[in-house]
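Asker: Could you build all of it, start to finish, from the sequences and the hints given here?
This is what each chain is made of:
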Amino acid sequence: MPAYPLPRLSLRFIPVWRRNLRVWRKIMVPSILGNFGEPVLYLLAFGYGFGRLVGDLGELPYMVFLASGIVCSSAMYTASFEGMYSAYTRMSEQKTWDGMLGAPLNLDDIVLGEIVWAATKALFSGGAILLVAAVLGLVSDLRALLALPVILLAGFCFGACAMIVTAVSRSYDFFLYYFTLAVTPMLLLSGVFFPLEQLPGAVVALAWILPLVHVVEIVRPLLTGAWPNQVVLHLSVMLVYGLVGLAVATRLLRKRLMC
Amino acid sequence: MDPLNPPSIPAPVAQARGLVKRYDGRTVVDHIDLTVQPGECFGLLGPNGAGKTTTLRMLLGLTPPDGGTLSVLGEPIPERAREARRRLGIVPQFDTLDPDFTVRENLHTYADYFGLKGQVRRERVEELLRFASLESRREAPITALSGGMKRRLTLARALINRPELVVLDEPTTGLDPQARHHIWQCLRGLLRGGTTLILTTHYMEEAERLCDRLAIIDQGRVVAQGSPQALIRAHIEPHVLELNGPAAMAWLEAQAEDLSARLWRMGDLALIYTLQAAPLTAALEQASIRYLHRPANLEDVFMKLTGHELRD
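Protein chains in written order, with the numbering used here: chain A, 1214 to 1472; chain B, 79 to 390.
Be careful, since some hints might not be right.
[What the hints assert, rightly or not] Pairs of lysine to any residue, SDA-like flavour, derived with a Cα cap of 20 Å:
id	chain 1	residue 1	chain 2	residue 2
1	A	Lys1468	B	Lys195
2	A	Lys1308	B	His371
3	A	Lys1308	B	Asp173
4	B	Lys195	B	Ser211
5	B	Lys382	B	His371
6	B	Lys228	B	Pro255
7	A	Lys1308	B	Thr105
8	A	Lys1239	B	His186
9	A	Lys1239	B	Glu217
10	B	Lys228	B	Lys195
11	B	Lys195	B	Ser214
Hints in this document: simulated from the structure, not taken from any laboratory. Here the structure is a predicted model, which means the values were calculated and not measured.
Answerer: Structure, rendered in structure tokens:
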């Protein structure tokens, strides 16, 4: 449909989002346990095990440093998984999207609904870790609540990028490339586990092109009782990745499905 | 009132003019013209790969045409496909029921896609559970349903918005006779209620039972169009004699040019199409050859127009 090169945004994405929420609610108990269980394991194993060796990073105890990093990385992982494995399953295995296209929903609504849903799940898991961190006394003050909308935006950004991968995938195997070439490097190079300054300059420059570091740069101060710097820049990077991802994924999926 | 445009001629429910679709340079729909009138059941018949499903997908705005114009329920397609889909229902060839939900939840969620809410939605879901005879399976997962039940649920789902037009792609393929009759009964009920139907099928008896008018499509073109009876009258002699077996074949060979009827043979099966069956049946009786005498049907028309060779 060359007449509309950009996604046609409409509130019709909400029923798509609500459909996924309804499915999630059916398996809510194991989902929520998963949201809490895994981060607690990470925090305890890395924080206590590794933190003993590391001690404090500047003024931050390692546990506090790590907790704020894992909030961000889990948002990335959750949104990426949802935008790839789960969305792909609904698109090609379960034919859920085909069913939706029989109703007055356009593909553009479906793609937007899926990405917003991926963002919502990122918020669930990031929020769960935030809660755990607060209970363990790793969060400074109520500024931490401001991290929640940032996590939602981060989820939108990573969900949109994942949707591009879904659009070009012919099988589940393809997702491994994206995890190996994009998600894992971002996890290791964005200051989640250790300060970015430890890395060579060229690597740091590369990391700043990728979105995760910008999420960490906002969320970590908010959780540790400080105000982040360059907020507009960081939010803009996430927003640009998210919107460009949405536009590209929509184009590719139209080409793939509406032919 | 405009005297030049009397209201007695209703606007067509769907209209295609010069519809074209190409894939990789291959023309799969080749200048098709169709007009579907309100309240009728219109059939698209054709062998596999004739372009039926592609034509339907274009009608629904799911595939952009490469040429021609298209309107459905007064809306230009694909530009205003969403508006058209708000008022129509779709029964796809392969079930797209949501496996994450139960029977009731499937209808409930589909109602949400159409913007139905609250009490209206609850009532419509209950109504359709009764319509599909699935009240006792309301909380069953989709995987626990038989093929016939899934089809009924898919049909019920397509009716969630009380559509003016229902588009069905091979609605009874793969069903047992009981299930097929049930679906046919449901469809006749819809027709009585004034709903327009467009369906594709390659079951001739389905087309003959249900369709007021049909178009036979082959290699992307409409090769014939009309009511089943008119097509049979126009294209085929009224009587058909079916012969098979070596004795019958030997008898046929012996007749040679004396047989004043159209003959079609494949292996040791022969079909004789004739205006007058009596002289032939008398000769066959005399020679003690077993035969089947039946009236010409839509399948004969279909085979004559689309050829007898296998299609894939």
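Asker: Hints first: check each against the structure and report whether it holds.
Answerer: Going down the list of hints, with the structure as the test:
At most 20 Å may separate the alpha-carbon atoms for a hinted pair to count; A:Lys1468 and B:Lys195 exceed this at roughly 33 Å. Between A:Lys1308 and B:His371 the alpha-carbon distance is near 47 Å, which puts this suggested pair outside the 20 Å criterion. Distance hint between A:Lys1308 and B:Asp173 is fulfilled; the C-alpha atoms sit about 8 Å from each other, no more than 20 Å. Our distance criterion of 20 Å between C-alpha atoms is broken by B:Lys195 and B:Ser211, whose separation comes to about 23 Å.
Distance check on the hinted pair: B:Lys382 and B:His371 sit about 18 Å apart at the alpha-carbon level, within 20 Å; holds. Annotation: proposed proximity of B:Lys228 to B:Pro255 holds, straight-line Cα distance about 15 Å (limit 20 Å). For the proposed pair A:Lys1308 and B:Thr105, the alpha carbon gap of about 27 Å is over 20 Å, so the pair is violated. A threshold of 20 Å between alpha carbons decides the hint, and for A:Lys1239 with B:His186 the separation of about 15 Å falls inside it, so the pair holds.
As the CA atoms of A:Lys1239 and B:Glu217 are separated by approximately 13 Å, the hinted pair is consistent with the 20 Å bound. Under the criterion of a C-alpha separation no larger than 20 Å, the hint pairing B:Lys228 with B:Lys195 is inconsistent with the structure, at around 24 Å. Between B:Lys195 and B:Ser214 the CA atoms are separated by roughly 24 Å; this puts the pair beyond 20 Å, and the hint is violated.
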